[in-house]
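There are 2 protein chains.
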Amino acid sequence: MEEGSQMRGKYVADISSIREAQARINSFIHKTPVLSSESLNAVSGRRLFFKCECFQKGGAFKFRGACNAVFSLDNDQAAKGVVTHSSGNHAAALSLAAKLRGIPAYIVIPKGAPKCKVENVMRYGGQVIWSEATMQSRESVASKVLQETGAVLLHPYNDGRIISGQGTLSLELLEQAPDIDTLIVPISGLFNYSSSAKLSISSFLFLHNLYYRFLFVLIFLIQKEKKINKIVGGGLVSGVALAAKSINPAIRVLAAEPRGANDAAQSKAAGRIITLPETNTIADGLRAFLGDCTWPIVRDLVDDIITVDDKEIIEAMKLCYEILKVVVEPSGAIGLAAVLSDSFKKNPALKNCSNIGIILSGGNVDLGGLWDSFRK
Amino acid sequence: MEEGSQMRGKYVADISSIREAQARINSFIHKTPVLSSESLNAVSGRRLFFKCECFQKGGAFKFRGACNAVFSLDNDQAAKGVVTHSSGNHAAALSLAAKLRGIPAYIVIPKGAPKCKVENVMRYGGQVIWSEATMQSRESVASKVLQETGAVLLHPYNDGRIISGQGTLSLELLEQAPDIDTLIVPISGLFNYSSSAKLSISSFLFLHNLYYRFLFVLIFLIQKEKKINKIVGGGLVSGVALAAKSINPAIRVLAAEPRGANDAAQSKAAGRIITLPETNTIADGLRAFLGDCTWPIVRDLVDDIITVDDKEIIEAMKLCYEILKVVVEPSGAIGLAAVLSDSFKKNPALKNCSNIGIILSGGNVDLGGLWDSFRK
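Respectively, the protein sequence lines represent chains A and B.
Note that numbering that gives the first Met the number 0 has the first sequence beginning at 0, numbered continuously upward.
Note that numbering that gives the first Met the number 0 has the second sequence beginning at 0, numbered continuously upward.
Okay, chain A solo, but in the shape it has when bound (with noise of 0.2 Å):
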């Protein structure tokens, strides 16, 4: 177990850490708004609350628990500064966090990392420092990190005060739209790499077919997003359940989770935390199955799991640009694919689902991407 998750009652965070986490960062996030809209209201049958975390700081929930993390160390902790070696939209949040406290944010990051995320942490002030790209490099790279300047590692969702941070998510929302009986959170937005991984460069060029050719950049991009994606590891949903179940015991929390992806599903079934090797391997280290702190959590307060498919996610976040008018990631539409997905519409248990709370994660997606990948 992490440093900094020690229990509070039951699990790592309970709702007076979560109310506290508000305190402490409330004047430093923004309060996202909720949308609704009529036409997804009537497709879907069902009265939706859009939380739209897309327009956090950093352009996604991360931003609250790496906050609460950065200003709950005490002055002598903090000014030796905080580390990460995940390199998604967390350390860009905890790059900022740590600008906004005035302490150093070590952020190490694997050689051939996407410019784009490197480019976020530096913006926000965050130090970059180089590993290879095996997690075996990157966690000694850390390490030594931590030996030389005497920094605090903070992992990006096994840790209590992460998890308090993003469980303020849900006091917000249930203040802004306090009707909400269901809430939708994604747990994890990893695509599925089997079936994309078949497109290689080679058979790019040998698609003649403009279509063809841009469904190919479509998943390339969703590709290289799903690299920030898998890193939720269940630090939302736990915190999330945690605040909703405890100012309302009825309310029914659901994860929504890719098929291709579906460790926190197969866990749920199993009552143990189920690995993917497969995908595990693939995703190159950034091994975010859940953790000990986030496991027991989605285990007891996580009433269901919606998986979804790929073409679900793709066709969720045509609805979130072209009907709400809102940029997300794929993992940031999957909460709208679940409520749309046939899995949900036809689970007799989910038919009094009347108001529902779907949290739009967040908005990283490399527009710049798509235009530059058509210049190439």
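Since the hints were made in silico from the structure, they are not lab data.
It is possible that some hints are incorrect.
Intra- or inter-copy, both count: the list cannot distinguish identical chains.
Cross-link-like lysine-lysine pairs, in silico, BS3-like; alpha carbons within 27 Å at most [claimed, not checked]:
(1) Lys114 to Lys317
(2) Lys79 to Lys110
(3) Lys143 to Lys30
(4) Lys350 to Lys317
(5) Lys79 to Lys9
(6) Lys30 to Lys310
(7) Lys30 to Lys317
(8) Lys345 to Lys310
(9) Lys344 to Lys79
(10) Lys350 to Lys30
(11) Lys317 to Lys344
(12) Lys143 to Lys110
(13) Lys30 to Lys110
On the provided structure of chain A, position chain B as indicated by the hints.
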């Protein structure tokens, strides 16, 4: 001067009619959020407040005015329905407002109008009545509908009720962000036809390079949008200026206009309404130049008009997508384009514009068309 535009003091609308409109439409409209971004503040060197009217019902501010006009009608008038022969965002907004009041909306649409436009009208329950593409045909079809039904013709901007409705945006925004000292409002979203018209379908077929094909499709989509956008005609800026100047006469109201259709800037310079015949011809009768209701307000209350070119608008659109995570149409992004333009930055008179409200006026860009265009 149109029906419904009796003078209220000096102009066809005033702060009282705007407050009346607010009370009338408040329960029907979305209170749209105001977003901010440290990154865009840093780029512009000012504090920016983005009023997201792209999240308004119907995807644009137009619903405010349409809703006010429809709910201003007395019961006998209303029962006979409403008519318009402008087929942009106003038509969809009017259909929706009429649906909410439970009265018919007759929308005269020229054959060959973009499919998404027609679908929007139909989705909101408007009755589509086809005309030929000429303005003459549209007017004669509309007048026939008026005779047959006794319905009320509602002009998209040259009407006091419409202007009052759009003005409610000011009241809302200045309450949400009271520090604002400057407002930037789109006055028309028409792009420079002459430059983009050089590209034709045959030239598309000869563009083998993927990037140029992509650019072509982008320009094509903007072309399509243009017909919707030019309908702005000063209704928004008139309402916004009336309300803002009444609340705080020191507030600067700036209009943003594309360089290729700068009739407002030319009119301001000349002191009388200038129409651009060549634009008028190509835009096929969507004669959205300043009307006799909007012109006096623009002449007296708009402090300056910032013109920007297409390249600046596209760049601003990208920033809205990538940084704000908001989907805007070209005319929606023009306010941000203005604030980032050299002509704004280097203008000494605008140096002390510190807290700037930018109206993201609409988000009805046909992203599906982007997908579909590649499919063909």
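query: So which of the earlier hints does this model not fit?
result: 3, 5, 6, 9, 10 and 13
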